[in-house]
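One-letter residues, chain by chain:
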Amino acid sequence: MKYLLLKHYRGGPTPIVDHAPMDRWTPSEVDAHIRYMRDFAAGLKRTGEFVGELALSPEGAFVRTDGPGRPVVTDGPFAETKDLVAGWMIIDVESWDRAVQLAGELSAAPGPGGGPIHEWLEVRPLLTAPPTVTE
Amino acid sequence: MALSIVDDSQVRELVPAVIGILVRRGADFASAEDAVQDALIRALETWPADPPRDPKGWLVTAAWRRFLDATRAETSRRGRELVVDAEPDVGPVPATDDTLRLYFLCASPVLAPASAVALTLRAVGGLTTRQIATAYLVPEATMAQRISRAKRRIAGQPLDRSGDLPTVLRVLYLVFNEGYGGDVDLAAEAIRLARQLAVLTDDAEVAGLLALMLLHHARRASRTGPAGRLIPLAAQDRSRWDTHLVAEGVTILQHALARDQLGEYQAQAAIAALHADAPSTAETDWVQIVEWYDELLRITNSPVVRLNRAVALGEADGPHAGLAALATVAPDLPRYAAAAAYLHERVGDLARAADLYAAAARGATSVAERDHLTREAARTRHRLRS
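Just so you know, the protein sequences line up as chains C and S, in that order.
Residue numbers for the first sequence follow this note's numbering, so the first one is 1 and each next one is one higher.
Residue numbers for the second sequence follow this note's numbering, so the first one is 136 and each next one is one higher.
So that you can see chain C by itself, here it is in the shape it has in the complex:
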């Protein structure tokens, strides 16, 4: 079963710890955080559970059509949005419980002072191919 672990710059339930933004951390705290993330992905590769990951810039815009012959409408950068995705990781695991356990581990990445940042991670099942036998 594949799950998407979604990291947010903003959004989700209220954070239980209000950290300073990462650019205010000490360089070694930043290094420790990045190393943890890298090791986490490497661990999933070793267990055969890693599918992919991507990080997103906070820049960008919302875009929509405004009808034929008219220029598209853009809105952004995302100063107003409550929810801003920072990146994702896709895992392929045996169960929902395993996905939740891994998200918990990812949420324990070290923050300022070296303790876990306790950030909320969104865990979402990916839709699959339909099974053949249903009746």
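Because the hints were derived from the structure by calculation, they are not lab data.
Hints are not guaranteed to be accurate.
Computed, partial: chain C to chain S, Cβ under 10 Å [stated by the list, open to error]:
hint	residue
1	Leu44
2	Val51
3	Leu127
4	Pro131
For glycine and all other residues, C-beta sits at the position ideal for the given N, C-alpha and C.
On the provided structure of chain C, position chain S as indicated by the hints.
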């Protein structure tokens, strides 16, 4: 074309026997399997241009050489003496026994299902890691790791231990039922492995599973419309069902049932056979299908079977009977909402049905099912307004 002499599936069929030969010469299963995989990849690259006269002999030689190289490298790294070098006598043991043992080993109950599936496809099915990775939409490196971990997990389990046939059947069922595709037809591969297993064993449930696969595979062309649109059983064009596969499945099932060792796969195949036999949903023998669900329920006591039985009962005795049966099923099951929606539509409660179809679409686990259920919700709401 040279390839016509040896196509991919012919090479693949040799893989379990060649692993067996290496193990009999003294290689451990994990190293033997790696060596044969390497030889297989080389065979797939070189055989089309330069087909060997003796494909099996070629694979054995190439894999054994690969195994010795890997062992030498490992031995010199550890500064130890190489002990395996000669080619010991393989002995008179038939290769079929080796292959059967591989089925049991790869489907070992200590492995997670996804790992057992991957290892079975590689060691018994003779697929490459890349093909398996593509079929399950994960990176090749991830699949390689999954397979090596599985092999470490079963290391030390002797190849000659008698295995757990239900676990093997479960693995083949998963290969048939769940998968994405890529360039490998997993359903066809599952059928090939089930056929081979049926030759190697004498078991009514192996035959039952093979029959079940053939009867469902027969409907394949009618199961999806343009752009992968899902077509439910009731709306399928039955003239497109493969009558040869149906006939073969029914024959295999009849022989299995005659042995009077009923199991879940035979019961499921019997239900599929009754559908295959019917010219339409209306002319289906639903009473007998309900009886088979009763058998299946007695064997498995599965909530999914209880749910499917309620739907069948809705056809046999009318939607009110179906709804009454559904009331005994846990509502958190996948497809519960879809079944409830259908039965409510049948009793004429369109508003409830539309809401349930919409809820079913939200809970769907595949895009094709979600789209189908969304269409059903829209259709029901439309009926409600008109």
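We went through each hint and held it up to the structure:
About 8 Å separates the beta-carbon of C:Leu44 from the nearest beta-carbon of chain S, less than 10 Å, and the hint is met. Restraint check, C:Val51 versus chain S: the minimum CB separation of about 5 Å is within 10 Å; hint holds. Hint on C:Leu127 holds. Least Cβ distance to chain S is approximately 5 Å, under the 10 Å limit. This hint holds: C:Pro131 has a C-beta 5 Å from the nearest C-beta of chain S, less than the 10 Å allowed.
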